[in-house]
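A.B. asks: Spelled out from the first residue to the last, the chains are:
2 protein chains.
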Amino acid sequence: MFKAVVFDAYGTLLDVSSLSELGNELFPGKGVALCELWHKKQLEYSWLLSLMGKYQDFWSLTRLGLQYAGAALGLSIGDTQEERLMQAYLTLPPYPEVRTSLLRLSQRYPLALLSNGTPDMLESVVRVNNLETYLSHVLSADEVGVYKPHPKVYDLVIQAFFAIPGEIMFVSSNGWEVSGAKSFGFSVAWCNRAGATFETHAPPPDLVVENLEGLEALLP
Amino acid sequence: MFKAVVFDAYGTLLDVSSLSELGNELFPGKGVALCELWHKKQLEYSWLLSLMGKYQDFWSLTRLGLQYAGAALGLSIGDTQEERLMQAYLTLPPYPEVRTSLLRLSQRYPLALLSNGTPDMLESVVRVNNLETYLSHVLSADEVGVYKPHPKVYDLVIQAFFAIPGEIMFVSSNGWEVSGAKSFGFSVAWCNRAGATFETHAPPPDLVVENLEGLEALLP
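From first to last, the protein sequence lines are chains A and B.
Numbering-wise (our numbering), the first sequence opens with residue 1 and increments by one.
Numbering-wise (our numbering), the second sequence opens with residue 1001 and increments by one.
Hints may be right or wrong, so weigh each one.
As the list claims (entries may be wrong) - Derived DSSO-like pairs (lysine-lysine); straight-line CA-CA distance at most 30 Å:
#, chain 1, residue 1, chain 2, residue 2
1, A, Lys-40, B, Lys-1054
2, B, Lys-1003, A, Lys-54
3, A, Lys-54, B, Lys-1040
4, B, Lys-1054, B, Lys-1040
5, B, Lys-1152, A, Lys-54
6, B, Lys-1152, B, Lys-1003
7, B, Lys-1030, A, Lys-40
8, B, Lys-1152, A, Lys-40
9, A, Lys-40, A, Lys-152
Calculated directly from the structure, the hints in this document are not laboratory data.
The shape of chain A in the complex, shown without the other chains:
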């Protein structure tokens, strides 16, 4: 039995690929490339700034990533367009099974969210998608001023649940984070929605599932 099941947000519960549709509406045919590079840079900046010992909050990094992606792809993203893309981050929809799976899982375990997103960003997506009732904690890396996979971020879960790492089942769709969480000592489920390749730099996850319904079936 686990003391809690803790989820990553972006890409795990929330469908970031939905941004590509708005990207395509604003820049026909470029939505996928724009959003892939946007996400890649947002993530790289979170790692690099953490290593540099600097901190800018995730809302700022999201904007910087978008500006880089626009420049690299030669798109003139005007202020209004930038704002529409940024605001879309605050209303990202969940993947199809997420709400019903969280409902059922919340009857078996305390559930929580642990994300790089700022408290404001997380408050918004949780509220918009009516996820409040399922989550006992919404934890943000912003509280410690460094990003995943730094152990300080995962330690927020330990403090929230008075647990030792192995008592937490941590769930992420991002291979790099699965490695980070496993290295921290969590029990880890990789919700491998995209059928991605196993990372080679850390021990493999304890469970691999396609979506949260698969997770429900495998948890004790």
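Add chain B to chain A, keeping to what the hints say.
C.D. replies: Using the frame of chain A, we list chain B on its own:
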């Protein structure tokens, strides 16, 4: 005037794109994709493990990156093929202008190398390319057990030259490292060989040049 000019190795002095030719020989038509993903993962792992507070040396990360890239692209890389690709890392050629530019620059400044590569990896490429005589120091992140852009790595230069950061001209072709070195306080030249987009997460470099000949012309 600067106390020293310090160069990154891979991609700055050494032409990693040359690996694609061997990649294509072993896996026709796949060399570029293989080497791009190989390099991407090698780099990601250096950042991620540093953030996780773990360390594996750069020779190991180079192998892990190659294994990931092979798996992700569905290539069966046999032991002999893996070894050939790995060994090629030890004999990477310099870009065309590097030897003559280093010769001339070494008559104006002390020069050094600062790289993520292990001492063995660096010793090999320096020797194979006859660069010893131009370099007063060959510094490896391995000495501090963490990777660029962590300040501990850049601090190796400070210790080697008894300098303050602004007295060092640091030269890299990698945008992410230019940001890291600038954030550390070095004077920085971006040898932007590929015409890449400016990163947005840190102050811009002091100089931008296309190759080392451009750098020669702009240094005081």
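A.B. asks: Give a verdict on every hint.
C.D. replies: Structure-based check of all given hints:
1. A:Lys-40 <-> B:Lys-1054: holds (23 Å)
2. B:Lys-1003 <-> A:Lys-54: holds (27 Å)
3. A:Lys-54 <-> B:Lys-1040: Holds: Lys-54 (chain A) and Lys-1040 (chain B) sit about 23 Å apart, inside 30 Å.
4. B:Lys-1054 <-> B:Lys-1040: holds (19 Å)
5. B:Lys-1152 <-> A:Lys-54: holds (14 Å)
6. B:Lys-1152 <-> B:Lys-1003: holds (19 Å)
7. B:Lys-1030 <-> A:Lys-40: holds (23 Å)
8. B:Lys-1152 <-> A:Lys-40: Holds: Lys-1152 (chain B) and Lys-40 (chain A) sit about 26 Å apart, inside 30 Å.
9. A:Lys-40 <-> A:Lys-152: holds (23 Å)
The earlier numbered hints are all upheld by this structure, with none contradicted.
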